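Guided by the hints, dock chain B onto chain A, whose structure is given.
Each chain, written out:
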Amino acid sequence: MSLDATLNDWTKLRQTHPLPGSHPDLKWAMAIDLDACTGCNACVVACYAENNLPVVGKEKFAAGQAMHWMRIERYWNEADENAPEQGAQFLPMMCQQCEAAPCETVCPVGATNHTNDGLNSQVYNRCIGSRYCSANCPYKVRYFNWYNYPEQVKAWPEPLPMQLNPDLTVRTKGVMEKCTFCVQRLTDAKNNARTEGRPIRDGEVTTACAQACPTSAITFGNLSDAHSQVAQKWRLQRVELDKDKQLKDIDGSHPGLRGYRIFEDLRPYPSVMYLERVRDTQA
Amino acid sequence: MNSVTQAKDKDIREDLSWSQINRDVLASLERPRATYWVLFALAFAVFLVGLGCEAYQYDTGLGVSGMNNPDVWGLYIATFIFWIGMSHSGTLLSAILHIIHADWRKPIYRFAEAMTTFSLMTAGLFVAVHLGRLWEIYYALPYPNERWTWPNFQSPLLWDAMAIFTYLSSSILFLYVGAIPDFAICRDYATGWRKTFYGKLALGWMGTDRQWRNFRVSYLVIACFLIPLAVSVHSIVASDFAMSQQPGWHITSFPPYFVAGALYSGCAAIITLFIILRHVFRFEEYMTLPILDKTARLTFAIAMVWTYLNCIEYATVWYGDSEVAKETLMQRATGPYSVYWWAMNFLGSVLPFTLIFKKVRANLSAMMVISLLLNLGMWLERWMIVTPTFSHGYYPWTWNHSFFPSLVQWGIVFGSFGWFGMLFMLFCKLVPSVSMYEVKEMVFHRKLARLHASQA
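Chains as they are written, first to last, in my numbering: chain A, 1 to 283; chain B, 1001 to 1456.
The set of hints was computed from the structure by calculation and includes no laboratory data. All values reported here derive from a predicted model rather than from experimental measurement. No incorrect hints appear here.
Below, a sample of chain A positions facing chain B; criterion: calculated Cβ distance under 8 Å:
no. : residue
1   : Ala63
2   : Val109
3   : Gly110
4   : Ile128
5   : Ser130
6   : Asn136
7   : Asn145
8   : Phe263
9   : Leu266
Just a sample of chain B residues kept apart from chain A, beta carbon distances all over 12 Å, derived:
no. : residue
10  : Ser1017
11  : Ala1043
12  : Thr1208
13  : Trp1212
14  : Val1305
15  : Leu1309
16  : Lys1326
17  : Asn1345
18  : Gln1455
Cβ coordinates follow ideal geometry from the N, Cα and C atoms, glycine included.
Bound conformation, chain A alone (with noise of 0.2 Å):
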């Protein structure tokens, strides 16, 4: 780009992440719909089981030093009077893998990086610990490694390290750590699709939190896949991946559209898109 361009358009040029069709073939995408989220914690669980979360015990979860990548909060509106009757508000919340990641550019070693299937990769082994991406994170879904957990906090004790899954590794103390949309099922499923020369197909891979869901409120898959449930949900919603403001910000004449992102005025751009919860304000 000559300097002139870059003068000329100088908006464009500090807009362009992420460049609308980055990922022609592959970009992992979440949508999760909270009128069907029952706030029963199984994806909570199931992430526990498939990533080697170590349970940290009271005093550390009281002291905010859990480890869980995936958690259910849970809201309530003070205001509205019908709150007790209609319960809590509850948002699963994990790293929501932006396409213009916070925590990306401002890691000093390079430990936390995009890839080229849209998932923002964390390389344990690169970090350093300056804990400087979940400073920047404003969904504050990054979590670091505070003790040595199989060692000193015995998170697994005997004979629980045999259900460790094998295809991850525990992490070790002083390293960051987050939500990979399940990256070894995802690498798995890549594998599988090229050594049979044929392309992933929708469903064939999730994440372990969809597959434990029991209301199917999370749905995994390729977006850039057209036809995969994932891209049909977000198509349906009119939210798009490169877009700041979504139809839904802009016209508020589609009561239909519930779709949302979260901080989406930030522009991290992020990868899971949320539906509204349905209330029934005549109640």
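Leaving out everything else, chain B in the frame of chain A:
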């Protein structure tokens, strides 16, 4: 200059003989008051406490610091900024005042420059201490390796590391070059191992015309090189915050605000060390009350600049009208950290007004207390930048208003003061903390000026 000026109003006595200057300053290398050893022992003990805490944290993991998911930085980064800030006034005194020919800096710039170097070394420790995997710290260095993995040049943290390293190496060079003529004096008076030691440091200085000419040029060049570095270092530290996306940090005025805060705490620290050195080394003839007065006035001016920029910070948050940023600001003023926040504003902006009074400026014990309190205020400022944003950021689910650093964290923070004090005291015992040759110049120039005035 008015020849009838009272002697006590002068920066330095004009009848000081050169041999007396040599004698007085060289005595500081040999026979300090007993207070010196008390202070040194105290600093060493505090350092050991910090070392113990760090060893425990290194062995166990950063969890013992009490940090948690939103509050990932805590006191380490706050104290890191504090020490980086402390380092700035050394350069202000030694380089900026050198260039504008303010000669009253001459008796006090050497120790201020040493303060720069040692507080940078202390700040560097905090970068290491706060890392989860200290043993992999070399990943942050851009060294060639077979995998061609480089550090991330986009990260302000990396700019930080480079800026600090450049500033540290340049200020060590500046400190050393500026001391070469003094090392030669030490060499000429010393015996035994000291003769070899200072002889090596003096690099064969004979005081010839050619040497002086080269010396002047190199000193000036390094001074000019150092000034933009000093400004850049703290601007880059400010970028760590300003370049991030978090409410309370994402503020364009942060770099000048940080630089002003740095000069402010540095000047206050110079006053503290001025009073300590004056006592322990019997430097009453050199570190005189008029010089203290000038330093105090400089501190007051910088305090007002800082206050202005501090108000700018609040005003821009308000004017920017970002709901989250405003809430974080209100949280600072009314939330669990409000005591510290108001204390920081009081100590930083109201307390310096005591420096208006000449009586206060001339009172050593009052100045000691005030300078320490000003620095406490500046330390609180850094803490109030780092922690409240973590405890009340964008994401309501992670709001954590009960965060308080653990004893291990406090221990390491206190230990850093011991480490700094220990290095500084050691330096003052080994290197003349008053620049002999420049004090002689100062006396000579003032004598000459008075002579001209009386002839006219």
